[in-house]
Amino acid sequence: MEGWALPEINLQQCNQCGACVEQCPTGAVEMGPEGPFIARPSDCTYCALCETLCPQGAITCPYEIVWGTDGP
Amino acid sequence: MVESTVQALRRISLFADLSDDALIRIARVARSQTYVPGEVITIRGEPCRAAYFIAEGQVRVYRLSPGGREQVLVQLGPGQAFNMVPLFKPHGANHATVEALTPVTLYAITCKDLHRLVGECPELALALLRDFASRLDHLTNLVEDLSLRTVRGRLARFLLEHGETNAITRRWTQEEIAAHLGTVRDMVGRTLRAFADAGLVRMDRQRIVLLDREGLEAEAQR
Ligand code: SF4
Ligand code: SF4
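Residue numbers (my numbering), protein chains in the order written: chain A, 347 to 418; chain B, 23 to 244.
Here chain A stands alone, though its shape is the one from the complex:
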């Protein structure tokens, strides 16, 4: 199992509106000097709300589609 996946934030597309910071249900996102980042990775549930609400389409929560019975 690879690392803990997090939403990907493309800062080139982001206009720092702050919607993801305000509306993340677990408060996992914070605004840094360069833009938002996942400040508390272990709080992020990968619910993809930030992907839905980002007006710039700057956040994505991609999935792999795999066959398997490969562990938990």
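No incorrect hints appear here.
Here's a subset of chain A near chain B, in silico, CB distances under 10 angstroms, partners left out: (1) Ala351; (2) Asn356; (3) Gln359; (4) Glu397; (5) Thr398; (6) Gln402; (7) Thr406; (8) Ile411; (9) Val412; (10) Trp413.
Source of the hints: derived by calculation from the structure; they are not laboratory data.
Here a beta-carbon is modelled for each residue, glycine too, at the ideal position from N, C-alpha and C.
Keeping the supplied structure of chain A fixed, place chain B with the ligands upon it in accordance with the hints.
For chain B with the ligands alone, coordinates are given in the frame of chain A:
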């Protein structure tokens, strides 16, 4: 100048297989344009003046719903083209509004120039026809799917077609899956949860793990 344009045009997927001669002809009429993030490139409903080929950057293609809500149709990046369909219609109008998301460099070819090139250059005409044929193919399948299958059925088939065993070749957002199936993100999320409840798939953090091939195949028939 023409030389560097030829290099750039070769990276546009539609032009990838064209001969140097054809690319030089295109390069002579392709105008390089740059846009800053947020700048609008085409406006829906306005007369179509040109087709656009993205060299660098990302654009967002959207329409406004009657209520004024923005509906993003697709996001396009390097190598992709837009505004091709209205270009070949008499008095065609832009289908959608297109806006730069990042700094964008693209090549614009006017309707008049492209029409002339198609006459002069059969291999370009063929490349365009191939592109249109594959779009038509996709749309025909989609229409069949929309009329014959439920979202459950479409999603099951999509998962069966895209489930990977060894190397992961691509990852999908729920938005992209929705666009592929002709539905909306919410429906994809809900249907995935229903599949998970039925034991057909397991939702890991960033993975959709397919568990029951027979069960998914049965769903795909619906
Ligand atoms: S919602 Fe999108 S545009 Fe707004 S700050 Fe977050 S990433 Fe940037
Ligand atoms: S995926 Fe959900 S929990 Fe994670 S950062 Fe986005 S909104 Fe917050």
